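Novice: Protein chains in written order, with the working numbering: chain A, 462 to 603; chain B, 5 to 103; chain C, 8 to 86.
Check before you lean on any hint, since a few could be wrong.
Here are the simulated lysine-lysine pairs, DSS-like style, with alpha carbons at most 27 Å apart [what the hints assert, rightly or not]:
{"#": "1", "chain 1": "B", "residue 1": "Lys94", "chain 2": "A", "residue 2": "Lys518"}
{"#": "2", "chain 1": "A", "residue 1": "Lys518", "chain 2": "C", "residue 2": "Lys80"}
{"#": "3", "chain 1": "B", "residue 1": "Lys100", "chain 2": "C", "residue 2": "Lys80"}
{"#": "4", "chain 1": "C", "residue 1": "Lys82", "chain 2": "C", "residue 2": "Lys28"}
{"#": "5", "chain 1": "C", "residue 1": "Lys80", "chain 2": "B", "residue 2": "Lys97"}
{"#": "6", "chain 1": "B", "residue 1": "Lys6", "chain 2": "C", "residue 2": "Lys28"}
{"#": "7", "chain 1": "B", "residue 1": "Lys6", "chain 2": "C", "residue 2": "Lys30"}
{"#": "8", "chain 1": "B", "residue 1": "Lys7", "chain 2": "C", "residue 2": "Lys86"}
{"#": "9", "chain 1": "A", "residue 1": "Lys522", "chain 2": "A", "residue 2": "Lys468"}
{"#": "10", "chain 1": "C", "residue 1": "Lys80", "chain 2": "A", "residue 2": "Lys520"}
{"#": "11", "chain 1": "C", "residue 1": "Lys80", "chain 2": "B", "residue 2": "Lys94"}
{"#": "12", "chain 1": "C", "residue 1": "Lys30", "chain 2": "C", "residue 2": "Lys86"}
{"#": "13", "chain 1": "B", "residue 1": "Lys6", "chain 2": "A", "residue 2": "Lys522"}
{"#": "14", "chain 1": "A", "residue 1": "Lys521", "chain 2": "A", "residue 2": "Lys468"}
{"#": "15", "chain 1": "C", "residue 1": "Lys86", "chain 2": "C", "residue 2": "Lys28"}
{"#": "16", "chain 1": "C", "residue 1": "Lys82", "chain 2": "A", "residue 2": "Lys521"}
{"#": "17", "chain 1": "C", "residue 1": "Lys80", "chain 2": "C", "residue 2": "Lys28"}
{"#": "18", "chain 1": "A", "residue 1": "Lys468", "chain 2": "C", "residue 2": "Lys80"}
{"#": "19", "chain 1": "A", "residue 1": "Lys518", "chain 2": "B", "residue 2": "Lys6"}
{"#": "20", "chain 1": "A", "residue 1": "Lys468", "chain 2": "A", "residue 2": "Lys520"}
Simulated coverage check for chain A against chain C, where a stretch passes if three residues somewhere in it have a Cβ under 8 Å from a Cβ of chain C [to be verified]:
{"#": "21", "segment": "488-497"}
{"#": "22", "segment": "537-547"}
{"#": "23", "segment": "566-572"}
Quick caveat, the hints were computed from the structure, so don't treat them as lab data.
The structure presented is a predicted model; accordingly, all values stated were derived computationally and were not measured.
We put the beta carbon where it would ideally sit given N, CA and C, even for glycine.
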Amino acid sequence: MNDIIIKNITRIVIPFAQAYGIFIILNGHISPGGGFAGGAIIGTSLILYTLVFGREKGKKKFSHKMSEIAESGGIMIFVLIGVIGIIMAGSFLANQSAGFPQGELGNILSGGFIPILMIAIGIKVASTMISLFNILIDEEKV
Amino acid sequence: MKKTIANVLFLILFVILVIGILQMPTTASTNAPAYNDIVYHYINNGATDTNAVNLIAAILADYRAFDTLGETIVLFTSVVAVGSVLRSTKYDKEAKENE
Amino acid sequence: MVILNIVIIIFLITCALAIGKIKDLIGAVILFSAYSLVMSILWLILNTPDVAITEAAIGAGVTSILFFAVISKTKRYEK
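Chain A with its partners taken away, still in its complex shape (with noise of 0.2 Å):
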C-alpha cells in the first residue's frame, strides 16, 4: 500500500495501541481485562503493521522463528509455574502455599503468580494471532 496519509497515520497509532493493550496486560487482576484481551489488542496492532508496510517490513519486525519461540515460550512459563507449585506445595499450580510474594491488596504486584500468568497468556495469545495472519497471507505452497 503506498498511501502517505495511512502509513503516516499507522505510525502514529501503533505506539498508543500497545501501550493500551501492555496497560491492559499488566492491570488484569486489578481491573477488568486480562492476558486474553491485551494479547488480541498486540496482535492487531503488529497485523496492521503488516497489512500498511507489506509482508518484508513485517517479517523484519515478528519473523517465523520468533513466533516458534513465544508460542512454545508462552505455555513454558506457564507450566514451568505449575511444577514450582508441585515441588513447593504438593499440588499443581498452587499460588499461596507455595510460598509466591504476595505484596499488598491492590497494588499492582500482588497476587502471587497471576501477573506472570497473565503475561504468559498475553505473549501467546498476540503471537497466536500474528502467526494464523502470516501464514494465511503468504504465498502459496512452492
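Since the structure of chain A is provided, determine the placement of chains B and C on it from the hints.
Specialist: What follows is chains B and C alone, placed relative to chain A:
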C-alpha cells in the same frame, strides 16, 4: 414441498426456543442453578485466598488455572494445525526440484 | 433501559439473519463485525466488562481480519 416442510420445522424450533427462554431465570435471580454455596466462598474468601482485587482474574488464573492452561493449549494446537497444512518448508522445495 | 435492550436485540437478530442471506462474503464479514460490536455493548449492559473487552478485541478485530485473509485466497461472491 421441501421448502414448506423446512419452514414448518423452523417455526416449531423457534417456538420451542422462545418457550425455553421464557422459562429461564432472569438476571440476578436467586433461583438460577449457578447460584449456590461456591458463590459465597468466592466472594468472601477470594481476596484473602489469592490477593487479587479482580475476582474474575482470581477465578481464571488461580482457582481454575488448569482450565486456562487447556485454553492456551487449544490455541497452540490451532496454530500447529494451520501451519502444518499451509506453511511451505524446505522439504517441499526439494520435492519440487526433484520432480 | 428496557427500550435500549429491545433495540439492541432486534438489531442482533436482523444482523444474524442478514449474514445468512447475503451473497457477498466481504459484506457478510462486515455485518459480523457490526454484530460483535453491538454484542460487546450488550455485555457491558449486563455488567461484564471483561467479556465486553474480549468480545470487542477478538470478535470485531481479529476474527474479521482472519476471515478477510481467507477470502483473499478464494472467491468473493457465493454462487
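Novice: Lysine 521(A) and lysine 468(A) were given as a pair; does the straight-line alpha-carbon distance stay at or below 27 Å?
Specialist: holds, 17 Å
Novice: Within a Cα-Cα threshold of 27 Å, do lysine 82(C) and lysine 521(A) meet the stated pairing?
Specialist: Violated: lysine 82(C) and lysine 521(A) sit about 30 Å apart, past 27 Å.
Novice: Are 3 or more residues of the segment 537-547 of chain A near chain C, judged by a Cβ distance of less than 8 Å?
Specialist: Contact hint for the segment 537-547 of chain A vs chain C: violated, 0 residues under 8 Å.
Novice: Lysine 82(C) and lysine 28(C) were given as a pair; does the straight-line alpha-carbon distance stay at or below 27 Å?
Specialist: Cα-Cα ~17 Å, so holds.
Novice: For the pair supplied as a hint, lysine 80(C) and lysine 94(B), confirm whether the alpha-carbon distance does not exceed 27 Å.
Specialist: holds, 22 Å
Novice: Given the hinted pair lysine 468(A) and lysine 80(C), is their alpha-carbon gap at most 27 Å?
Specialist: Since the Cα atoms of lysine 468(A) and lysine 80(C) sit roughly 25 Å apart, the hinted pair holds (cutoff 27 Å).
Novice: Between lysine 6(B) and lysine 28(C), does the CA-CA distance stay at or below 27 Å?
Specialist: Holds, at about 19 Å.
Novice: Are the Cα atoms of lysine 30(C) and lysine 86(C) separated by 27 Å or less?
Specialist: Holds - the C-alpha atoms of lysine 86(C) and lysine 30(C) are around 8 Å apart, at most 27 Å.
Novice: Holds or violated: lysine 80(C) with lysine 28(C), Cα cutoff 27 Å?
Specialist: Roughly 22 Å separates the two Cα atoms, so the pair holds.
Novice: Against the 27 Å threshold, does the CA-CA distance of lysine 80(C) and lysine 97(B) hold or violate the hint?
Specialist: holds, 21 Å
Novice: Straight-line Cα separation of lysine 100(B) and lysine 80(C) no greater than 27 Å?
Specialist: Between lysine 100(B) and lysine 80(C) the Cα gap is close to 22 Å, so the pair holds against 27 Å.
Novice: Straight-line Cα separation of lysine 6(B) and lysine 522(A) no greater than 27 Å?
Specialist: Judged against 27 Å, a Cα distance of about 55 Å means the pair is violated.
Consistency with the previously given hints fails for numbers 13, 16, 19, 22, 23, ordered from lowest to highest.
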